[in-house]
Each structure stands twice: as C-alpha cells, then as structure tokens.
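Q: Here is what each chain is made of, one letter per residue.
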Amino acid sequence: METLTIKETISDVLESILEHNNFEMHDELTAKDVDGWDSLSHMIIITKIEEAFNIKFKLRDLNKLKNMGSLVSVIQNKI
Amino acid sequence: MFILVFNSINFVAFVLPILLLYWFFFKKSKAAQNVLLLASSIFFYAWADWRFLFLLIASIVINYYLALKIRKEVNDEPKQRRFLYIGLIFNVGLLLYFKYFNFFYESFVELVNVFGVTSSYTTLSILLPLGISFFTFQTLGYLIDVYNEEIDPSDNFLEFSLFVAYFPKILSGPIERASKMMPQIQEKREFRYTLFVDGLRQILWGLFAKIVIAENCASIANPIFDNYENQPESILLLGAFFYAIQLYADFSGYSNMAIGISKLFGIQLMRNFATPFFSTNISDFWRKWHISLTTWMMDYVFTPLSFSLRRYHKSGLIFAIIMTFILVGFWHGANWTFIFYGLLHGIYFIPLVYSGKINSSEIVAKGNFFPSFVELVKMLLLFLLIMLTDIFFRADNIEEATYYIALIFSNEILTIPNEIFNSNYLLAIFLIFIFFFIEWSNREKKHDFEISNFNIFIRWGLYIFLFLLILFFGKSSETFIYFQF
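Protein sequence lines, in the order shown, are assigned to chains A and B.
Offset between the first sequence (1-based) and the numbering used here: plus 1164.
Offset between the second sequence (1-based) and the numbering used here: plus 53.
So that you can see chain B by itself, here it is in the shape it has in the complex (with noise of 0.2 angstroms):
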C-alpha cells in the first residue's frame, strides 16, 4: 500500500499542481471544479489501494440509485422502506464481511469450545479496504436522511461520487453529512483568501500534533506498551499517560489536517475535535472527541434506540447510551477490547443520568484565562479516567490490559520513576505543555488555531516558532493509528 499520508513530500507534490489546475484552469464552473477533485480522489485512491477502487465505485453506484428509488415511491411507505432495507443491508454488510467477520466466526468457534464440542478453525485472509469504516457511514447516514426527508437525494452522479470519495476526508474521515457538503459541491467554489490562509494554518497546526506531539509520545509509550510485563512499574503510569496524549494527537492532528486541506478547495469539512481534555464530565469529553462519529452515532443510533426505549425513562435512557457506546467503541475494530472500551464510556455515563448533569456542556472557564480550582481538579480526574480506558483501546486483548493496569496499581504506584529525567521525557513534556497551552488558549474558537486576530508579529511568530519546533523535533511517520480503523 502507498498511502499518500498528509505529511509527506508526497502528498505536497500529488496536491500542488492539482490545487494549481482548479484555481487556475478549473474555475470556470463548478462541473469542471468537480470532475478535477473527482479524478483527484480516484488517483489518491487507487494509489493507496486499487483493488479497493471498484467497491469504493460499487457503492457510490448503489447509493446512488437506492437514494433516488426511495424519493420516487415517497407516496408509498412500505416500498421506500425495503429500499431502505436494501440499502442497510448493502452498507453495513460491507462492513460484517470486510471488518467482522473473522471475529465473529472466532468467536462463535470459541463459543462452540465451551460448550464442549471442540472444533478448529481457519480464518480468512481478508484485507480491510481503506477508509471502509468512514465512507459506508457517511452513505448510511445520506440513505437515512433520504428516507426521512431531511434531504433531497442528489440527482447528479458526479457530485454524489464527489461527496463519498473527497480525497482529503476518504481515508479517515471527518465523516460527514450530506445537508453540510452537498451544498457546497453543488456550487461553484470562488476563491476566498482568508478560508484558504485559515486552511494553511490549521494544516500547519495538524502537522505539529501529528509529527511532533504523537511522534515523540509514541517513541516513549510504544517500547513501554510492546515489553510492559519487564518495565519498573512506575513507568506503566507514563506509559499510559504518553499513549492517551499520543492518540489524541495523532487522530486530531489528521482531522485538523484534512479540514485545513480541504479549505485550500474552498469546502469546509465538520469540525472533528474541540478541545475534549478541556472537559469537566465524560459527556462535556464525548461532544468534544471524533465530533462527526460521536453526532453520527447520537442522530442514527442513540436516538432511535432511546425513543423505543423511552417508555422505561432513565433506565431505558442508560441502556440505550451503553448499547451506543458499545458499538462507538466496536466501530474501531473487530477486538473485544474496543467493545470493552466502549462499554466502559457507557457505564461512565451513569452518574451523570442520575445527577441530570448529561446535558450541562460549556467551555471551562468562559471569558476567564485561568479555570478555577474545581475545574481544573475536574479536568484532571476526568483526564486520568480517560488515560486509564485508553489503555484497552491501545493493547492487544482484555488480559493484557487488565494486567497492565494492575501493575499501574501496584506498590510502587507513588515511586516517581527515574526515566522522567531522562532527556526524550522532559523534551516530550515540555512539547505538550506548548501544545496544550496554545489549545487552551484558542478553546473558544473555531479551531484550535484560529488566531487570525492576532497580531501580525504574533501570528509569524507562532508560524516560525511551530516551523522550527517540527524542524527540529518533528519525527517521520507513514501512518496513522485511525488508518486501521
């Protein structure tokens, strides 16, 4: 696979001319702008993968024409319905076939062992197709929308194909929804300066997080996690501590580089990330994390499971957030222990149920530059429990993350480890602080590095100061954690 990664002279020099063609040659109408990033996507596509490109195609094709088949029998409800059907069926079926199903058919093997019949089994070798996880849930969520009249199904193929195949969003989302970016396709794209300077910006933003804050994490966390039953104890809490930064900045860092490539064209993607660590309950955190998965999941799965399950109230009410975060945690891959990760998010709801604090959603301390006391203990203890359950979405089964995190609370759990001292730790601390303190600066805005009302000395000083930092400390990477899922 040769993935056209964000950060990579590659990348730079596959988006150049393309950038170059459709503000220069391709302004003329948005058809022409749209064939350009069409065929754009398609390369980028292939590139990564071709033998992916013809189901990629086969399922524009067939959304394509379920959507249009369910507006044309609107006066007949059962009818619209099987299209429906048909359309969830295709849709998630792609997903049980190409993600699921060796984990299913291990696990009901591993079920028929239990009750005594011992079987063996042989998994097949099933590749995952590229950004599957992310495009089939953005055409999910356009056929659903289609059927309940919140939009029109697009009745040109080019944008349609334009809207599932985009290349800055294919590979791994944000996954968006067709009543923000259709719109946007359907016409033509003029040229405005400050969305495209904005677009820079957040771009350069994203290569910080992804190059220098999950790199250097990553290089700390990874031989902690790959040999953690030899590590001093004391370390596994560092451990945990530079995997939870680590994967933040890494998914945020590709999500801000997306939507920051993506305004270079003139389209404004979904915000997928604000600011989540600044959070007071693990519902304030969940608004805030993988926005365009966590909304996906809310209008298609919470709210039809909670409005059949309303007549129970708030037990009703808390089985229908276990069950969504269930299969939030399911969606990143075919191991119990995304489940087990999600399920836990799930139970961290319940409190919150019972308080009636679920809704109370706010930026920490508004208009003020320092958060109170409370606040920040909030922050913190929330931070730890997050750290804590990212350990299961980082190990390789339940056991050993269980396991891992016993060893956190063993004896020497108050022992200040000696490696904190050692250079790659102080320097990777220290990055974070820089990080953390420019997202905290900018967490009312509508990025994380929004600051256009800086003034000019400000701003080139923040430029040059990011420039360098990835200069000097920024490490190669081909990948992605959110690649995988």
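Bound conformation, chain A alone (with noise of 0.2 angstroms):
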C-alpha cells in the first residue's frame, strides 16, 4: 500500500476518534501535537487503525512508535 493511502486512512482513523481534524499529516507529526491523543485514548486508536489495516500490532512495536513517520513504517511492514 502506498505510504499516501496508509496516512489518509489513519487520518480517518483519528478524525473518527479524536472528533476533529486540526492537525496536519507529516512524518513528524507526534501524538503530542493533536490534541485529545495522550496515553488513554492511544489504545482506542491503536486498536482502530490494527482494524483498518487487518493487521496486528505487538507491544514492542508500540514502544518504537515515535511519530507519524515511524507508525506508516510498521504498518507497511505488517501489510
């Protein structure tokens, strides 16, 4: 899957969760940076996006997330 399409569908992801869209897709992006995305509702949008993509993530995958950038990387390697 293109890294284009990966990122439109975890923005859709997002914006279905977050219920706003007042951030901007880049490889830098960090959950810092939008607003509602902290520890807690990660879980919600970890599940989400592992649902989208039929793929499953392992916890150590989850660590090594560092921003935007890294999340398409391990999931273009799980698809």
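Just to be clear, a hint being listed does not mean it is correct.
[Claimed, not checked] Covered stretches of chain A, going by a simulated chain B footprint (3 or more residues, C-beta under 8 angstroms):
{"hint": "1", "region": "1204 to 1210"}
{"hint": "2", "region": "1224 to 1238"}
[Stated by the list, open to error] Listed next, the in silico DSS-like pairs over lysine-lysine satisfying Cα-Cα at most 25 angstroms (straight line):
{"hint": "3", "chain 1": "A", "residue 1": "Lys-1220", "chain 2": "B", "residue 2": "Lys-132"}
{"hint": "4", "chain 1": "A", "residue 1": "Lys-1171", "chain 2": "A", "residue 2": "Lys-1230"}
{"hint": "5", "chain 1": "B", "residue 1": "Lys-341", "chain 2": "A", "residue 2": "Lys-1196"}
{"hint": "6", "chain 1": "B", "residue 1": "Lys-419", "chain 2": "A", "residue 2": "Lys-1196"}
{"hint": "7", "chain 1": "A", "residue 1": "Lys-1228", "chain 2": "B", "residue 2": "Lys-499"}
{"hint": "8", "chain 1": "A", "residue 1": "Lys-1222", "chain 2": "B", "residue 2": "Lys-132"}
{"hint": "9", "chain 1": "B", "residue 1": "Lys-341", "chain 2": "A", "residue 2": "Lys-1230"}
{"hint": "10", "chain 1": "B", "residue 1": "Lys-367", "chain 2": "A", "residue 2": "Lys-1196"}
{"hint": "11", "chain 1": "A", "residue 1": "Lys-1228", "chain 2": "B", "residue 2": "Lys-132"}
{"hint": "12", "chain 1": "B", "residue 1": "Lys-122", "chain 2": "A", "residue 2": "Lys-1222"}
{"hint": "13", "chain 1": "A", "residue 1": "Lys-1230", "chain 2": "B", "residue 2": "Lys-233"}
{"hint": "14", "chain 1": "A", "residue 1": "Lys-1196", "chain 2": "B", "residue 2": "Lys-233"}
{"hint": "15", "chain 1": "B", "residue 1": "Lys-367", "chain 2": "A", "residue 2": "Lys-1212"}
{"hint": "16", "chain 1": "B", "residue 1": "Lys-233", "chain 2": "B", "residue 2": "Lys-125"}
{"hint": "17", "chain 1": "A", "residue 1": "Lys-1196", "chain 2": "B", "residue 2": "Lys-499"}
{"hint": "18", "chain 1": "A", "residue 1": "Lys-1228", "chain 2": "B", "residue 2": "Lys-233"}
{"hint": "19", "chain 1": "A", "residue 1": "Lys-1220", "chain 2": "B", "residue 2": "Lys-367"}
Hints in this document: simulated from the structure, not taken from any laboratory.
For each residue, glycine too, the CB sits at the ideal point set by N, CA and C.
Two chains, two frames, a set of hints: combine them into the complex.
A: Shown next, in the form of structure tokens:
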C-alpha cells in the first residue's frame, strides 16, 4: 500500500475518534501535537488502526512508535 | 535509624561540605563529580541504616549486569526476554518479600480461616529497607526501557550506581527515568548560577510547605484521627480537611526540597507535583499528583495492560484503569486501606471514560487570574472527593475509615464546630491560604515558587516573608509520611 493511502486511513481513524481534524499529516507529527491524543485515547486509536488495516501490533512495536513516519513504516511492514 | 532529613541541621552539615568540595575541588571531570556524589550517597544511605546498604548494592550490581546482558543478546529475543524476566522477578521479588510478605501471609491465613480451618500464625519481623519502593521501581523501569530499546544500557558502573543511589532522591523519589537522568550524569556539570538560585528557592518553598503547612495541619489532624470516636462529629470533616492538606504539603514539600537540593549539584530531577488541587477532574488531578509514580504506572502497567485488553474497548480501558490504580494504592503499603484507596480512584475515572473528557488537561483559568465560577465549583467538588478518599489513606483499616466517614455524614454535618475559632485552627487556615495563594499565582510556571521574573523587591520580600513564617510558625519534624513507603 502506498504511504499516502496509509496516511489517509490513519487520518480518518484519528478524526473518527478525536472528533476533530486540527492536525496536519506529516512524518514528524507526534501524538503530543494532536489535541486529545494521549496515553488513554492511544489504545483506542491503535485498535482502530489495527482493524482498518487488518493487522496486529506487538507491544514492542508500540514502544518504537515515535512519530507518524514510524507508525506508517510499522504498518507497511505488517501488510 | 538516623535519617538525615532535609529539614535538619544535620543535613545542612552534611550537604554544605559536599557542595563546596563538588564545585571547588571535584569540578575537573565528570568522573570526579560522580565519585563524590556516589560516596556521599552511600554515606547518606548507610547513615540511615547500614544493614540495607548491602541490599542496595546487590540491586545495583544485578540490574547493571542484567541490562548489559539484555543488550548483548539483541539478536536473540527469547534470551533477551529470559534476562528481562530474571530482572523482573528479582526486583519485584525484593519488594514482595520486604514489603508485602506479611500482608499476603496474613491474608492467606484469614482466607483459610473463612473456610473453617483454624490456624494461627506468627508473622516474620521484616524491616522495610529505606526507599525500596522508589529505587526498585527505578531499576525496573530501567530494565524494561533497555529491553524495549528505548535507551542504551549504561556500561559505566559508577554512573549507573549514582543513577540508583543518588542521595537527594533515594529515600522518597522522585522515581527517576534513565532517559532523563543518565545523560546529566554522563556529562560534566558546569556551575550555573541561575539553576543554583532556583534550587535554593525551591528548597525554601519545600521547607515552608513541610514544616509550616504540613506540620501545622498535622498538629490538628492527628489528635482528631487518633481519637475520632470521641470527637464531636462536626469536627471530623475538619480533621479530614487538614489531613488532605497535610498529605499534600508533606510530600510535595519533600519533593520540592529533593529537586531543589539536586539542582544545587547541577542535576535536574523530574517534577513530582504540578499544583494538583487546581484540577477540574480526577484524570487531571492524577496527571499532577506524584507525577513520577503515575507516569511510571502509565508506561509500565497501564499501557501494556490496556494494550492486551484493547479488543474490549471501553470496558477493557476501565478494567486497565482500575487495575492500575489498585496497584498505585498498593504501592504505598501492604494494607487493604491502600488497595481500597486505589480502587476508589480507579472507579472515579469511569464517568470520564464514558463522557470522553478523560483527555482534557489544561491549566485552570490559563491566562486569567481568577477561575470562572464553574471551574471553581469543579475544583472544590474534586477536592472534597479527594479529601474524603484520603481518609482511607490515613486510617489503619477499612472499618475505621468507613466509620469515620459515616460519622461525618451524621446529622451534625451542617454544624460549624466551635474549634474552628481556636487560634491554632485560624492560624492554620491563614497559612494554608497563603500557601495556595502563592501556588495559584505560579500554577503556569515550572514549579510552585518559580519567581525569577518578579522584581527584586517582591522576590526578596517573599523570601523574607517565608523565612519569617518558617521561623515563627515552623514546627520541627524528623520524618515524612512517604518515608514509610
């Protein structure tokens, strides 16, 4: 899958959970930059992303997520 | 035990020569600085109780080698995991044995008795090694971070030992993270005047919180709690009020002193309290209360737990929150009261999970001096809830706490007790007002007494004012509530 499509899907997931789209998708985007994306909403977001791409993360994958770029590359490796 | 408590002349006599040596004779290299700090830390710990020094050293050595082993086997995940598990079992085992053995043993015997088997028991007399809850959490976090490849393991035994044993934080935290603290130890520290002065300021504030606020509150709360059955019921609410303030001022005061002392040596520890009572919901409160513990629990308990329960959505989330808070409570001590305290706090999160408000964390009335009416009401209601829950934290057992609360809600709840007009009550309330007023004015700053931007007259006016309050209303005290954890 192309990174652009992956990003679009992630963007849709974020929008559906956080109920806003006040963020710009780029590789350096981190959870801190996005209103409402904190450790509590994180799990819900992760689950939705798993469902959207039909993949399963490992806890260790999660710890390696530093920004949007790394999230996209982890997803790419799984599909 | 002879703990060199921060607010004692002995501690000043201990720390002053070290400071002079540190900045005048040991400033040539980071190794010299670290040797001095480690030697001082070992002296500090051994002075309190030399028997546990061996335990501390064993913990340092074992965790140091395990981390290196985990890294060495980077291409062999099962092996890595084995070393991690050895580390987890060792560290958690230490805690379980020294802190919880008797609790589990007693609870087990009581459970057996319920099923009709009567057995008597004798508990072991196990002394709680000082600071064990704090330094084992620090080494646990370190191993997990190394395993997750978040940090590189230290290959310098001196630096790692200092990371674990550093005296400003060994007894009661903050529970430091290697990612924040190690880089500071790995570099030579240069004297920075502004940081040094900021440290002094924070020590003054912590001292004020501890010996003026916490001790004056304690002198009122203690007699009420110790003899609550024979008190007029109307006074019990006041007892709970003064205890809630005492608990906060005691531990935040300790933390500010620890952080301030560390700044004198050029090492910045993490913030432990960020004006928690100025919160409008429980999630916000826990983001600001004992931050080094709650972020630890967040990263190493809540995240893995909620991750493994993610299929269950909100109910999984709630379960993870409640389990995390039960552990937060239990961390404080081997008593059902702490478990119940944690359970209650976990339950308070449930409405937030459903309303989706769990993420909102803002400084109250940011940019304004006064909060809105709604914010004020929310803060007061939250304080009331925390205050009542703190009764479990204070009580010896759950029956005592529930009885205390039942008495509060008797028909005298609306009676204003006469004691409130006693001079020591009025004085304490006045001092608490000053305390929270200064906190409120600084709630957007890096710490509660970060007043470097004030002009020189106001700054020195405040220093002298606090100094006088300490001189006239300070009460000496040889211990802190959190030393027992």
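Q: State for each hint whether it applies.
A: Going through the hints against the structure:
1. Counting residues of the region 1204 to 1210 of chain A whose C-beta lies closer than 8 angstroms to any C-beta of chain B gives 6; at least three are required, and the coverage claim holds.
2. Only residues whose beta carbon comes within less than 8 angstroms of a beta carbon in chain B count, and the region 1224 to 1238 of chain A has 4; three or more means the coverage holds.
3. The suggested pairing of Lys-1220(A) with Lys-132(B) holds, with an alpha-carbon distance near 23 angstroms, which does not exceed 25 angstroms.
4. Proposed proximity of Lys-1171(A) and Lys-1230(A) is supported: the alpha carbons are some 15 angstroms apart, at most 25 angstroms.
5. Between Lys-341(B) and Lys-1196(A), the direct Cα distance comes to roughly 17 angstroms. Compliance with the 25 angstroms bound is thereby established for this hinted pair.
6. Distance hint between Lys-419(B) and Lys-1196(A) is fulfilled; the C-alpha atoms sit about 19 angstroms from each other, no more than 25 angstroms.
7. Only pairs whose Cα atoms come within 25 angstroms are accepted, and Lys-1228(A) paired with Lys-499(B) is rejected, the gap being roughly 29 angstroms.
8. With a C-alpha separation of about 18 angstroms, the suggested pairing of Lys-1222(A) with Lys-132(B) holds against the 25 angstroms cut-off.
9. As the CA atoms of Lys-341(B) and Lys-1230(A) are separated by approximately 24 angstroms, the hinted pair is consistent with the 25 angstroms bound.
10. As the CA atoms of Lys-367(B) and Lys-1196(A) are separated by approximately 22 angstroms, the hinted pair is consistent with the 25 angstroms bound.
11. With a CA separation close to 20 angstroms, the supplied pair Lys-1228(A) and Lys-132(B) stays within the 25 angstroms bound.
12. Proposed proximity of Lys-122(B) and Lys-1222(A) is supported: the alpha carbons are some 23 angstroms apart, at most 25 angstroms.
13. For the hint pairing Lys-1230(A) with Lys-233(B), the CA-to-CA distance comes to about 17 angstroms; that is within 25 angstroms, so the pair holds.
14. Restraint check: the Cα-Cα separation between Lys-1196(A) and Lys-233(B) comes to about 18 angstroms, which is no more than 25 angstroms; the hinted pair holds.
15. A threshold of 25 angstroms between alpha carbons decides the hint, and for Lys-367(B) with Lys-1212(A) the separation of about 13 angstroms falls inside it, so the pair holds.
16. With a CA separation close to 23 angstroms, the supplied pair Lys-233(B) and Lys-125(B) stays within the 25 angstroms bound.
17. Taken as a hint, the Lys-1196(A) and Lys-499(B) pair is honoured in the structure, with Cα atoms around 19 angstroms apart against an allowance of 25 angstroms.
18. For a cut-off of 25 angstroms, the pair hint linking Lys-1228(A) to Lys-233(B) stands: about 18 angstroms separates their Cα positions.
19. Using a Cα cut-off of 25 angstroms, the hinted pair Lys-1220(A) and Lys-367(B) holds, with the two alpha carbons roughly 19 angstroms apart.
When held up to the earlier numbered hints, the structure conflicts with hint 7 and nothing else.
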